[in-house]
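Asks: Each chain is listed here by its residues.
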Amino acid sequence: MEQTEMMLKISDLSVYYGPICALKKVDLEVRKGEIVALLGSNGAGKSTLVNTIIGLLHAKRGKIEFMGRDITRQKTETTIQSGISVVPEGRGMLANMTVMENLQLGVYRHKGVDFNKNLEMIFEYFPILKERQWQAAGTLSGGEQQMLAISRAIVGEPKLLLMDELSLALSPAYVDIIFKALIKLRNEKGFTILLAEQNAKKALQYSDRGYVLDLGETVLEGDARELMGNPYVQTAYLGA
Amino acid sequence: MFSTGTTYFLILVIVYILLVWGALIPFRAGLLYNGTVYCMAIGGYVAGFLSKNFDLPFIVCVLAAILVGLILGFIPALGFARTNGIVTAISSMALIFILESVIRNLDFLGGSTGMTGIHKENHLLLWAVILLIIFGVFLYRLNNSRIGRAWEAIQTDPQMAQSLGVNTFWMTVAALTLSSVFSATAGAVYAFNMRVLYPGTFSFTFLLNIMTMLFVGGRYTQWGAIISCPLLWSISVFMPTSIQKLSNYIYAVILILILMLRPEGIVTRRMTNKVKNFFTAKLSRRRQGAKA
Chain L
7 MEQTEMMLKI
17 SDLSVYYGPI
27 CALKKVDLEV
37 RKGEIVALLG
47 SNGAGKSTLV
57 NTIIGLLHAK
67 RGKIEFMGRD
77 ITRQKTETTI
87 QSGISVVPEG
97 RGMLANMTVM
107 ENLQLGVYRH
117 KGVDFNKNLE
127 MIFEYFPILK
137 ERQWQAAGTL
147 SGGEQQMLAI
157 SRAIVGEPKL
167 LLMDELSLAL
177 SPAYVDIIFK
187 ALIKLRNEKG
197 FTILLAEQNA
207 KKALQYSDRG
217 YVLDLGETVL
227 EGDARELMGN
237 PYVQTAYLGA
Chain B
715 MFSTGTTYFL
725 ILVIVYILLV
735 WGALIPFRAG
745 LLYNGTVYCM
755 AIGGYVAGFL
765 SKNFDLPFIV
775 CVLAAILVGL
785 ILGFIPALGF
795 ARTNGIVTAI
805 SSMALIFILE
815 SVIRNLDFLG
825 GSTGMTGIHK
835 ENHLLLWAVI
845 LLIIFGVFLY
855 RLNNSRIGRA
865 WEAIQTDPQM
875 AQSLGVNTFW
885 MTVAALTLSS
895 VFSATAGAVY
905 AFNMRVLYPG
915 TFSFTFLLNI
925 MTMLFVGGRY
935 TQWGAIISCP
945 LLWSISVFMP
955 TSIQKLSNYI
965 YAVILILILM
975 LRPEGIVTRR
985 MTNKVKNFFT
995 AKLSRRRQGA
1005 KA
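Chains as they are written, first to last, in the working numbering: chain L, 7 to 246; chain B, 715 to 1006.
Since the hints were made in silico from the structure, they are not lab data. Be a bit skeptical, because a hint or two may be false.
As the list claims (entries may be wrong) - Computed list of lysine-lysine pairs in DSSO-like fashion (alpha-carbon distance at most 27 Å, straight line): (1) B:Lys-996 / L:Lys-123; (2) L:Lys-136 / B:Lys-996; (3) B:Lys-988 / L:Lys-136; (4) L:Lys-136 / B:Lys-990.
Claimed, not checked - Example chain L residues on the side facing chain B (calculated, C-beta under 10 Å, incomplete): (5) Gly-61; (6) Thr-82; (7) Thr-85; (8) Ile-86; (9) Leu-100; (10) Asn-102; (11) Thr-104; (12) Glu-107; (13) Arg-115; (14) His-116; (15) Arg-158.
To be verified - Where chain L lies over chain B, by a calculated footprint (3+ residues, C-beta under 8 Å): (16) 854–866; (17) 988–998.
Note that CB positions come from ideal geometry on N, CA and C, so glycine has one too.
Just need the whole structure built from these sequences, with the hints factored in.
Replies: Shown next, in the form of structure tokens:
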């Protein structure tokens, strides 16, 4: 694995909410082109990690490197500009704005991106969004909103995509559609994806490697297939 | 063209529309900003002072009012951008009271007795209409621009806006500063229309009028002001004198009724979206037709 370029390297990261420790000495690596699953139950620190990477939360200790550059204390907008996009938990729809306006906000910080070209690509992947482009985002169904959230994140051609609880409140059929679209996108566009997920089964099925967080600590890491077979993961997350 | 009374009325309506727009801009960025009257007073007194003492033409006074309003709006904005919700509303209201007591103690602005001797501008209505159109078009373009979308994103979900790359702090400062420009312009027009300025005019009651007009007209679109300002202002002008005294009560009743029956105001976002979609759909269909 050493030959591929390092995309995101998190070392010894600790994050606190006041006196409460949300992340404790987390180490994590994402290489170029990988899909990495970040598993854990409620309160394990998945969203905290995602929010710390983009700078909405600040680390007490540790370092986050993106493509070799230290982004630990960087402002959110600079991080977004340098090529990280996020699909937030609960989709983060701007419900009163139209689908088109939501997509336009996806390139808010991205200079030199061909919005119209990317828009066509997105409409190819998710034709339903083209039909609904003048509709308010809040009137879309849950699955369509998730498609829009993903589209908004990729329209600015990010290098790294952070996804928080992609499968939350989606029917299993939709989860498959969305994951398949993601795999296709990764293969065609070469995105790197970090996937924070509670749904361990689906996440491991579609990712290359995985990390398991529990109470803010990394308890397991490894190849997705290995993790799927791991007895701890099976009892704790797969319900076997 | 119009009688003196009508001209006076129309100019005041325009002043109110500009002020409501001034209150609308911060609202789009999710702030309930009550500094509109503060900036209006600044604009009014700057324009009045320049006209009275230096006999400068109307448009120069307006530009000076805009400049001073911009600066004095920008400085408190740096603080307000860090606050939200009720804190912004209350602390920005304080600006009105601070400025009022400052003006009362400045003799060169006329102090408590007021400022008189502002020169007459013969084409004031024409100027006011021109300013209204310029600011209206500007606001419309702005609402449908990158900045307008960023404001709306901040209003809906500041954290989401941030994670899309919006610098929420500076965008909020920009909204408040722009609001000051609108209010200062309104103040300058007001000064030339009244030709007398009293510190007591720029008071809490005035703010209530503006907020009523904003909420009755519709606080999500710029078109609401164009309907609500003439409507509400005519209540206190054209009604018989016996009712005029009650205009504040009437405003309150209208505000309560609107908030209960039509919470988004007379002109809602759905209405404007429908109109907009009608035209965009028509345009795109025509474009597709041209391609085929």
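Asks: Each hint: holds or not?
Replies: Hint check:
no.	hint	verdict
1	B:Lys-996 / L:Lys-123	holds (23 Å)
2	L:Lys-136 / B:Lys-996	holds (16 Å)
3	B:Lys-988 / L:Lys-136	holds (18 Å)
4	L:Lys-136 / B:Lys-990	holds (17 Å)
5	Gly-61	holds (9 Å)
6	Thr-82	holds (5 Å)
7	Thr-85	holds (8 Å)
8	Ile-86	holds (4 Å)
9	Leu-100	holds (5 Å)
10	Asn-102	holds (6 Å)
11	Thr-104	holds (7 Å)
12	Glu-107	holds (6 Å)
13	Arg-115	holds (3 Å)
14	His-116	holds (8 Å)
15	Arg-158	holds (8 Å)
16	854–866	holds (count 4)
17	988–998	holds (count 3)
Consistency with the previously given hints is maintained throughout, with no hint failing.
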